[in-house]
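Colleague: Letter by letter, the chains look like this.
There are 2 protein chains.
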Amino acid sequence: MKNFTSPISYLKRVPDSTVRRLSLYLGFLEELEDSGEATVSSDVLARLGGTTSAQVRKDLSIFGSFGKRGLGYFVPELTTRLREILGLGRDWHVAIVGAGKIGLALAQYPGFREKGFHVSALYDASPAKVGTRLDSIPVRDVHRLASDAAKEHFDIGVIAVPADDAQFVADTMVAAGIKAIMNFAPAQITVPADVVTRTVNMGLEFEALSFALANLSK
Amino acid sequence: MKNFTSPISYLKRVPDSTVRRLSLYLGFLEELEDSGEATVSSDVLARLGGTTSAQVRKDLSIFGSFGKRGLGYFVPELTTRLREILGLGRDWHVAIVGAGKIGLALAQYPGFREKGFHVSALYDASPAKVGTRLDSIPVRDVHRLASDAAKEHFDIGVIAVPADDAQFVADTMVAAGIKAIMNFAPAQITVPADVVTRTVNMGLEFEALSFALANLSK
Numbered sequence: 290m291k292n293f294t295s296p297i298s299y300l301k302r303v304p305d306s307t308v309r310r311l312s313l314y315l316g317f318l319e320e321l322e323d324s325g326e327a328t329v330s331s332d333v334l335a336r337l338g339g340t341t342s343a344q345v346r347k348d349l350s351i352f353g354s355f356g357k358r359g360l361g362y363f364v365p366e367l368t369t370r371l372r373e374i375l376g377l378g379r380d381w382h383v384a385i386v387g388a389g390k391i392g393l394a395l396a397q398y399p400g401f402r403e404k405g406f407h408v409s410a411l412y413d414a415s416p417a418k419v420g421t422r423l424d425s426i427p428v429r430d431v432h433r434l435a436s437d438a439a440k441e442h443f444d445i446g447v448i449a450v451p452a453d454d455a456q457f458v459a460d461t462m463v464a465a466g467i468k469a470i471m472n473f474a475p476a477q478i479t480v481p482a483d484v485v486t487r488t489v490n491m492g493l494e495f496e497a498l499s500f501a502l503a504n505l506s507k
Numbered sequence: 290m291k292n293f294t295s296p297i298s299y300l301k302r303v304p305d306s307t308v309r310r311l312s313l314y315l316g317f318l319e320e321l322e323d324s325g326e327a328t329v330s331s332d333v334l335a336r337l338g339g340t341t342s343a344q345v346r347k348d349l350s351i352f353g354s355f356g357k358r359g360l361g362y363f364v365p366e367l368t369t370r371l372r373e374i375l376g377l378g379r380d381w382h383v384a385i386v387g388a389g390k391i392g393l394a395l396a397q398y399p400g401f402r403e404k405g406f407h408v409s410a411l412y413d414a415s416p417a418k419v420g421t422r423l424d425s426i427p428v429r430d431v432h433r434l435a436s437d438a439a440k441e442h443f444d445i446g447v448i449a450v451p452a453d454d455a456q457f458v459a460d461t462m463v464a465a466g467i468k469a470i471m472n473f474a475p476a477q478i479t480v481p482a483d484v485v486t487r488t489v490n491m492g493l494e495f496e497a498l499s500f501a502l503a504n505l506s507k
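Residue numbers (this note's numbering), protein chains in the order written: chain Z, 290 to 507; chain A, 290 to 507.
For the record, the hints were derived by calculation from the structure and aren't laboratory data.
Please note that the accuracy of each hint is not assured.
Note that the list lumps identical chains together, so a pair holds whenever it fits in one copy or between two copies.
Derived EDC-like pairs (lysine to aspartate or glutamate); straight-line CA-CA distance at most 16 Å [stated by the list, open to error]:
hint	residue 1	residue 2
1	Lys468	Glu494
2	Lys440	Glu366
3	Lys404	Glu494
4	Lys468	Glu403
5	Lys347	Asp454
Based on the sequences and whatever the hints tell you, model everything.
Modeller: Following this line, the structure appears as structure tokens:
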């Protein structure tokens, strides 16, 4: 019997800020690898990541023992391990709901596929869009999402619909067994504890800056 | 003499999560206003914002007394006040550094201007881009940023350059007196305490989902 408790508690031990830094380290390591660097010190990673070398060592120590005292980290080895840790070595199947501007842009973004995120299908409610194709990706009726998910096993659901529809789409994804949701809608979505969500909303972030400026200049 | 301490401590009392919800409430209120609704209850705002009515009342009470018992909030009044609170009633001058994909997309996005964010100039290091124009927005040499900022008073600086250049651009913005920075680079930037920054990075957010999935399925 699969134990669902332990991986979740393991996840909870790794703070969001650490995962974010792991992504940043990986980005720098890929550049170092491209330029043929064999090793890198925690000092250099810390400087690139805007943190301290103690923090770099702490972040990496969660996942095992890396690096050699005096030599630093081996670039190809650490790059490979970070890709594995971040789940970038495999293919994730992505279903995007909302074939609007954001949904279409994401489906066509080459960098997304390169990282292993494969858009299996786009879903929309508009009869004008359903049945069309974007490159090789079909645009399907959103009502098919649940039955398709059962057959095609989507790993990640992307919500790219207006705010009003976001929770309904999230509920449909959860019911379809999707465990990871990226929300681009300007709405807070509520999901069960075993589903992971991230929100990306440029508008909200700019309004936070605007709020800060308006209240600073009072 | 202007007192810079009190507005900053006032800001610190308002959590990020509250500001984010204020933006969400405003979005819903604008829709309600468009459909001619006169009043809205904290229950309805709570449901739309994925929170509780007690939280809605608490969020709004920070900024004064709104609403009438039994009637709820007056939609046009609360909409106007939230726009003011979020600093959306005025024009913010924005300088974007990096005339690549993200920088150009942002400069051309109509919704950005509608909210009061006016892109004054784009900056780039590439001689091929400097001197060109995007619609009416000039693309200028990044080395001019500091001297231009002194004359043109930019409110918000947008970092849309590769990770390696992000901190340098941030330092230039800070030295030029810019107090609010939006960072699209996949890099952590460090700024003084009186400068507000927000980061938007889709790649990092997707990698966080990937990390969660990889470790859940172990």
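Colleague: Each hint should be assessed against the structure and marked as holding or not.
Modeller: Structure-based check of each hint:
no., hint, result
1, Lys468 - Glu494, "between (25 Å within a copy, 15 Å between copies)"
2, Lys440 - Glu366, "neither (37 Å within a copy, 50 Å between copies)"
3, Lys404 - Glu494, "between (25 Å within a copy, 13 Å between copies)"
4, Lys468 - Glu403, "neither (22 Å within a copy, 36 Å between copies)"
5, Lys347 - Asp454, "neither (41 Å within a copy, 26 Å between copies)"
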